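The lines below spell out each chain.
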Amino acid sequence: MLGNIPQHHCEPKVEEVFGVAVNTPQRRRWSQRTEQTIIGYLCLLPTFAYAAVFLVFPVIFSLVLSFRRWPMFGPKKFVGWENYIRIFQDDLFWLGLKNAGRYTIAFVPLSIITSLFVALLLNTKIRGINFYRTGYFIPTITSAVAVAVVWTFLFDTNYGLVNDWLTRLGFERVGWLSDPKVAMWSIVFFSIWRGLGYNVVIYLAALQGVPVQLYEAAKIDGAGWWAQFRYITLPMVSPTTFFMFIMGIIGSIQVFEQIFIMTGGGPMRSTYVVFMYMYDYAFRYNEMGYAAAVGYIMAVLIFILTLINMKVTGKSVHYDQA
Amino acid sequence: MRKLSKTAVFVLVLTLVMGSISGLAAAQTKTITLYHAFTSNTLLALRNLINDFQKENPNIKVKAEYVGDALIQKLQAAVAAGNPPDISWLHSGEHAEFARGGAIYKIQDFMEGPNGLTQEEIDDFFPIMKSYMEYNYDGQWWGLPVNATTMTFVYNKDMIRAAGIDPDNLNIDTWEDFAKVTSQISNPAKGEWGMFIPVFSGGMSSYFDWFFRPFIWAAGGKYVNDDLTTVAFDSPEAKKAVQFFYDLMHEYQGGTISPGAQAFEMGKVAFTLEGPWSIPGFNRLRFDWGAALYPLGPSGERFQPSAGEPVVIFKDAKNPDEAWEFIKFWIRPDNMAKWAITSGYLPTRRSVLEDPLYKTEVEKTPGLEIFVQGLEYGFESETTPAYNRVVDIYANAVELIMNQKIGIDEGLEEAAAEANAAIAQYWLDNPEEYKDLMERLPNRNK
Chain L
-19 MLGNIPQHHC
-9 EPKVEEVFGV
1 AVNTPQRRRW
11 SQRTEQTIIG
21 YLCLLPTFAY
31 AAVFLVFPVI
41 FSLVLSFRRW
51 PMFGPKKFVG
61 WENYIRIFQD
71 DLFWLGLKNA
81 GRYTIAFVPL
91 SIITSLFVAL
101 LLNTKIRGIN
111 FYRTGYFIPT
121 ITSAVAVAVV
131 WTFLFDTNYG
141 LVNDWLTRLG
151 FERVGWLSDP
161 KVAMWSIVFF
171 SIWRGLGYNV
181 VIYLAALQGV
191 PVQLYEAAKI
201 DGAGWWAQFR
211 YITLPMVSPT
221 TFFMFIMGII
231 GSIQVFEQIF
241 IMTGGGPMRS
251 TYVVFMYMYD
261 YAFRYNEMGY
271 AAAVGYIMAV
281 LIFILTLINM
291 KVTGKSVHYD
301 QA
Chain G
134 MRKLSKTAVF
144 VLVLTLVMGS
154 ISGLAAAQTK
164 TITLYHAFTS
174 NTLLALRNLI
184 NDFQKENPNI
194 KVKAEYVGDA
204 LIQKLQAAVA
214 AGNPPDISWL
224 HSGEHAEFAR
234 GGAIYKIQDF
244 MEGPNGLTQE
254 EIDDFFPIMK
264 SYMEYNYDGQ
274 WWGLPVNATT
284 MTFVYNKDMI
294 RAAGIDPDNL
304 NIDTWEDFAK
314 VTSQISNPAK
324 GEWGMFIPVF
334 SGGMSSYFDW
344 FFRPFIWAAG
354 GKYVNDDLTT
364 VAFDSPEAKK
374 AVQFFYDLMH
384 EYQGGTISPG
394 AQAFEMGKVA
404 FTLEGPWSIP
414 GFNRLRFDWG
424 AALYPLGPSG
434 ERFQPSAGEP
444 VVIFKDAKNP
454 DEAWEFIKFW
464 IRPDNMAKWA
474 ITSGYLPTRR
484 SVLEDPLYKT
494 EVEKTPGLEI
504 FVQGLEYGFE
514 SETTPAYNRV
524 VDIYANAVEL
534 IMNQKIGIDE
544 GLEEAAAEAN
554 AAIAQYWLDN
564 PEEYKDLMER
574 LPNRNK
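Respectively, the protein sequence lines represent chains L and G. With this note's numbering applied, the first sequence covers -19 to 302. With this note's numbering applied, the second sequence covers 134 to 579.
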């Protein structure tokens, strides 16, 4: 059936793709379409293999794991829902979830506001704009572990640069990473700083996609700076904001690296998030099955959160293009 | 012509004889493989050791392979494939798993064999070393310790002098004496403290456990009960250890739990806990330093943290006898002296201290002698089921107590309940290990 449809309108020929004729014997063994399909899949094969080994297999295997007791050494056995039941009964899991929630509630809005603000600044025509753009992007492409270590030094209560400046200005020292009331805020600050480059680039792209005519028309109608921002910029970048909101929540609930390096979950478990809990069970308590179950609970939770986001927040997003 | 042929025959015969001799020698040269994870100074020490060994034993070639962090995984794979090295170095306690799996020789059989060690030589090891070489409690040597390490107090003599105390006549024999001295040194207004109390939780809680557990023993307490099903850190004796540090911090104002990075090096705390690995770095200190043993506890006894790292011989080793020969060479006092000096580890045998080379080293390195003495007070740590879980729970409780978020009694009792539940779960999950341990327990120290 399909073979009868002229294809060169919708799909490039193999020759066009590869620049040379690929395997064109006198009598074709397969129809042209079959051949294209085979070559297409062959080209995809490495990626499929990668996805199968590093994505699909772990996803399925950890589901199997989550119903088992699976120590690094020693006997492994099927335990049904026991891992899940134990997790829900563990106060530490709920504490981890609560802390991840605290982080998310603080990080996501602050991160979006900061990046939009910086993107607006970088969208103006000032001298040396490329210097600033590069500057904001550097933290994002530097190893998270390296910058986290640097910030650990900066945040040191007694000898850190941050407190050094504060005391010079006449303020009290702050236990940035050693005071349980402050530590999570320091982590949030670090994460915003580190993620800024990436988010700003996305916002910049969105801002530059807003048609200039809209602003020109608004100016003629007498709209001021705020009105332009409120009624043109904000709605026009709302798909981006929505994207960052969803991705921000998904990322924040899984926050781990910076906490692992900077506070190790302390002081007094004030930054002990749910992924620290999962890490501890997997690599320190040697209970792989239990940790896999934590992972699955988190996957389901994130899925539900995202669905709610789509339904509730998605309504205020404008997808209309000018 | 005849003369020539005679010479030719002679040369021919000579060549044949030489050839067979060298062939014989080649056949007698055996190669032993050694896995390790040594770097920098320790690696240098290993190279020197192997050179010295081969001078004495030209027929045994030692091939050292750096395996690094993945040592255990590599060894497991090699054992499973039936192709392990002859010898491997291991971290403290890691041999138990290989012993349980039947992968290593009980080295005691070599020690008692024809080419073994005398009873005098065996008794020469610091007593604590033996307990690290046992496979749980069976009282037998499964590996031979080549490295020892400990932790003890180091102090800043200048800070102590500034507080009006003679640092060379310190009275820190008991807990109370120690608290008083730290109190006298502290000057919170200037950010100067008598002691850094390293209360770490989370990923560092095993470090906290290592230095802190001896204080519980010194108070007459235990960390885990003998039947290994419940913790004992909530007993009245064990509580005294926490009470001591609580008082030191809050009553005496003698210490802090968060002095900041490098506080000792920068002269902000007078006492801190260090291992021998820090000694080389102390050359750069801008003040005189000294070392002191842990004070005597309320029980009148002194205990120090300690550990011994073994080398083991694998069952599938190609040349187990030659492997033993090398280990025997390694632990010989003169060789161990050189090994310890270069690597920075402590020797595992007392007689190394009598070695002239090591004596010189002790004389020119302040504090080293105290570290070695500390090994005499090493004590066998209780096997702790669900180890990381339990020490996390305990460290978290102590952290809360030191920060005055919860009382000592309440904090430790809650932690004990949580730890006991974790242990119960652990034994439920690992019944075979429990059975195995309980069978060995009565054999202890036989």
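Hints were generated in silico from the structure; no laboratory data involved. On a predicted model such as this, the values are computed, not experimentally measured, just so you know. Just so you know, even glycine gets a beta-carbon here, dropped at the ideal spot from N, CA and C. Keep in mind that a hint or two might mislead.
Claimed, not checked - Ranges of calculated distance between the beta carbons of each label pair, as one might list FRET restraints:
| hint | chain 1 | residue 1 | chain 2 | residue 2 | range |
| --- | --- | --- | --- | --- | --- |
| 1 | L | Leu24 | G | Ala394 | 49 to 59 Å |
| 2 | G | Leu176 | L | Lys56 | 29 to 39 Å |
| 3 | G | Asn536 | L | Pro215 | 46 to 56 Å |
| 4 | L | Ile282 | G | Leu418 | 28 to 38 Å |
| 5 | L | Asp144 | G | Met337 | 22 to 32 Å |
Said to hold, decoys possible - Mimicking DSS-like on lysine-lysine, the simulated pairs with C-alpha atoms at most 27 Å apart in a straight line are:
| hint | chain 1 | residue 1 | chain 2 | residue 2 |
| --- | --- | --- | --- | --- |
| 6 | G | Lys263 | G | Lys355 |
| 7 | G | Lys239 | G | Lys196 |
| 8 | G | Lys290 | G | Lys313 |
| 9 | G | Lys373 | G | Lys207 |
| 10 | L | Lys105 | L | Lys199 |
| 11 | L | Lys57 | G | Lys568 |
| 12 | G | Lys194 | L | Lys57 |
| 13 | G | Lys471 | G | Lys492 |
| 14 | L | Lys161 | G | Lys323 |
| 15 | G | Lys313 | L | Lys56 |
| 16 | G | Lys194 | G | Lys471 |
| 17 | G | Lys538 | G | Lys313 |
| 18 | G | Lys207 | L | Lys56 |
| 19 | L | Lys161 | L | Lys78 |
| 20 | G | Lys448 | G | Lys313 |
| 21 | L | Lys78 | G | Lys448 |
| 22 | G | Lys188 | G | Lys492 |
| 23 | G | Lys196 | G | Lys448 |
| 24 | G | Lys538 | L | Lys161 |
Going down the list of hints, with the structure as the test:
1. Leu24/L / Ala394/G: 49 to 59 Å: holds (51 Å)
2. Leu176/G / Lys56/L: 29 to 39 Å: holds (37 Å)
3. Asn536/G / Pro215/L: 46 to 56 Å: Between Asn536/G and Pro215/L, where Cβ atoms are some 49 Å apart, the hint holds.
4. Ile282/L / Leu418/G: 28 to 38 Å: Cβ of Ile282/L to Cβ of Leu418/G: about 51 Å, so the range 28 to 38 Å is violated.
5. Asp144/L / Met337/G: 22 to 32 Å: This hint holds: roughly 26 Å between Cβ atoms.
6. Lys263/G / Lys355/G: Holds: Lys263/G and Lys355/G sit about 20 Å apart, inside 27 Å.
7. Lys239/G / Lys196/G: Between Lys239/G and Lys196/G the Cα gap is close to 23 Å, so the pair holds against 27 Å.
8. Lys290/G / Lys313/G: holds (16 Å)
9. Lys373/G / Lys207/G: violated (44 Å)
10. Lys105/L / Lys199/L: holds (19 Å)
11. Lys57/L / Lys568/G: holds (18 Å)
12. Lys194/G / Lys57/L: Judged against 27 Å, a Cα distance of about 45 Å means the pair is violated.
13. Lys471/G / Lys492/G: holds (11 Å)
14. Lys161/L / Lys323/G: holds (24 Å)
15. Lys313/G / Lys56/L: Judged against 27 Å, a Cα distance of about 53 Å means the pair is violated.
16. Lys194/G / Lys471/G: Status holds; Cα separation ~20 Å.
17. Lys538/G / Lys313/G: Holds, because 25 Å separates the two Cα atoms, which is no more than 27 Å.
18. Lys207/G / Lys56/L: holds (21 Å)
19. Lys161/L / Lys78/L: This hinted pair holds, its Cα atoms lying about 15 Å apart.
20. Lys448/G / Lys313/G: Cα-Cα ~55 Å, so violated.
21. Lys78/L / Lys448/G: violated (51 Å)
22. Lys188/G / Lys492/G: Holds, at about 25 Å.
23. Lys196/G / Lys448/G: Within the cut-off at roughly 18 Å; holds.
24. Lys538/G / Lys161/L: This hinted pair holds, its Cα atoms lying about 13 Å apart.
Hint compliance for this structure: hints 4, 9, 12, 15, 20, 21 are broken, all remaining hints hold.
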